[in-house]
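Could you slot chain B onto chain A? The hints should help.
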Amino acid sequence: MGKILEVNNLHTSFFTHLGEVQAVRGSDFSMEEGDILGIVGESGSGKSVTALSVIGLIDEPGKIKEGDIIFDGKDLTELSYKELSDLRGNDISMIFQDPMTSLNPVFTIKNQMMEVIRRHTDMSKAEAKQHAIKMLEIVGIPEAEARISSYPHEFSGGMRQRVMIATALSCNPKLLIADEPSTALDVTIQAQILDLMLSLQKEIKTSIILITHDLGVIAEVCTSIIVMYGGMIMEKGTVDEIFYEASHPYTIGLHKSVPSMSRKSNERLVPIAGSPPDLLKPPAGCPFSPRCDHAMQICLELPAPMFDINKTHCSACWLLHEDAPKVEGIEKGEAKNG
Amino acid sequence: MADNNLSQSTQNASVDKDVLLQVKNLAKYFSVNSSLRKSHRKYLKAVDDISFQIKKGETFGLVGESGCGKSTTGRTILRLYEPTAGQIMYNGVDLSPLSDRQMLPYRKKMQMIFQDPYASLNGRMTVNDIIGEGIETHDLYKGAEKTERIYDLVNHVGLKKEHVNRYPHEFSGGQRQRIGIARALAVEPELVICDEPISALDVSVQAQVVNMLEDLQNEMGLTYLFIAHDLSMVKHISDRIGVMYVGKLMEVCNSELLYENPLHPYTQALLSAIPIPDPIVTRNNQRIILEGDVQSPINPLPGCRFATRCMYKQDICTQVTPELRELESDHFVACHLVEEINK
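Same order as they appear, the protein sequences are chains A and B. The opening position of the first sequence corresponds to residue 1 in my numbering, with each subsequent residue numbered one higher. The opening position of the second sequence corresponds to residue 1 in my numbering, with each subsequent residue numbered one higher.
For reference, chain A alone in the conformation it holds in the complex (with noise of 0.2 Å):
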């Protein structure tokens, strides 16, 4: 198995009428083919900056000021508008996170469906009916080839969401990047979202990018995750080496600050004290500085390179530098690019 995507010191900015927001500010990672990448992080984090840069949706005002994404080894940063068209929906998909605005409510959803399959395929007007009543039941919706002609408010949100990811389907891409996809549905339809997306990840084997701010969803869904803070990637590792042996203050102190289901009730939370930064006025250093308990020096000043833990994770903080002092918890590594 090789690797699907690389994405190399990714800048992304919004050149906006109160200055540069800098939303991505240098992510790198590479994700191998038949992974689901969980990338995690608050509002305002990068985490669908980061996504949207690679499947090249970034619109005016915003731009990729640097860095590479290597797709199956093609560059997408340098592909013309026309490549770019050719890749979205067909090798590279995306599940949006509002099933209720991402449907143009205007059109059936036969016409939504077969509008992707007939520009990637050479499929006559049949057989392209016929491959997306097949990509609903796939999703479960019954009665397909009844429904299959509705407009998007006929279906309820769960629904709306399955045929978002039918359409995202229905080219086997090689790459599905999901959004949120379960955000704005309740609970027990989320559950049932999370669920199809896996058994259909294991029968057709597309790589799975997946964001999102929740980590219960993560813990369920991925094999690898991106921790992302202030436009910066904070940790990187598999999903047992981010929940279990978290080496950043932030990746920590976010574990700390959600109740689990097992813990007692009465048990006080522990808040991360502070807000996430003004990405307008980045910090100087680590993002995460201002609020981290173990701050030093060097982190308001610079922020830190990432240091290798091992060959699968690591953890761009200072502490982990073999001169900072040591802390509870928190395991040395080995700089990379130091």
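Calculated directly from the structure, the hints in this document are not laboratory data. Backbone N, C-alpha and C define an ideal beta-carbon position, used for all residues, glycine too. Any given hint might turn out to be false.
Pairwise CB distance ranges, derived in the manner of DEER restraints [claimed, not checked]: (1) B:160 / A:2: 51 to 57 Å; (2) A:244 / B:301: 43 to 49 Å; (3) B:291 / A:130: 23 to 29 Å; (4) B:343 / A:326: 54 to 60 Å; (5) A:195 / B:42: 30 to 36 Å.
No more than 27 Å apart at the CA atoms, straight line, and that leaves these computed lysine-lysine pairs for DSSO-like [what the hints assert, rightly or not]: (6) A:3 / A:202; (7) A:129 / A:202; (8) A:281 / B:161; (9) A:82 / A:125; (10) A:281 / B:160; (11) B:56 / B:17.
This is chain B only, laid out in the frame that chain A set:
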């Protein structure tokens, strides 16, 4: 098995002095169309015949999925909506027939914290005006005393004195929610209805606000009605929990017991659907995946509201609406088949 139903047990409890708020058979219907013929009228039954009580100093959590009527319940208790039927007993006084003028002293005792900290603060008022408005309306403090009181409140919710002359847009989401909380506390309420107070906040900020709500409760002896869809947070903050589904209460129980031993099939499915932030637990967890969609609250089918998705459904479920029954002490369940299911 105790077969006394809820209405009996609530009557006994009405003698109880510890009960601050008692809701009896509360209903709120919204009319969807206004046909002249009565038989053609459609109603959205947002809250349909629910009863529960909240003791002094406790936190009662109300959970359910979107559209189940939990927010409507909160608003109807405050008479922000006129109840269609039922009683709202506050300290033994029924609020539902009171006029606006008679209601005024109770408005001081009951306050609300809203979900959206961006929409619930007037952008043209300073923090000072926002917090001071209630103090003026109820004529609590004047002049220097009032200023002192506002400083005190601002301090309590973790903001600074110099913040009082700023406008809401100068604050972050978490800070705005703190202003909303200070506003609710300004009139020294007894009951605070928290309508999803943390769901619009970032994960790392949610814990700050929850801890603060707990501290304020201990300090001022507040009683909370905590409305939320985030079940793990509700478990954390609540003493007792009511689970709602399409306008009906399905199960009422103390929070530890509810999560250890849910009896209603909907509660069981709901609890098993919560994504747990712990990969090992998740891998060993057997999920109950519900089939189908939530039924519409507009002219709902007779019988149990959950019958369309329930895997134990029998004929009786689509014919008779189940009543809340007390199965064990302080554990109420509305299900015909609950004994069979949990054998």
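Results for each hint:
no.	hint	verdict
1	B:160 / A:2: 51 to 57 Å	55 Å, holds
2	A:244 / B:301: 43 to 49 Å	47 Å, holds
3	B:291 / A:130: 23 to 29 Å	26 Å, holds
4	B:343 / A:326: 54 to 60 Å	55 Å, holds
5	A:195 / B:42: 30 to 36 Å	34 Å, holds
6	A:3 / A:202	18 Å, holds
7	A:129 / A:202	25 Å, holds
8	A:281 / B:161	25 Å, holds
9	A:82 / A:125	23 Å, holds
10	A:281 / B:160	23 Å, holds
11	B:56 / B:17	9 Å, holds
In the structure shown, no violation is registered for any of the earlier numbered hints.
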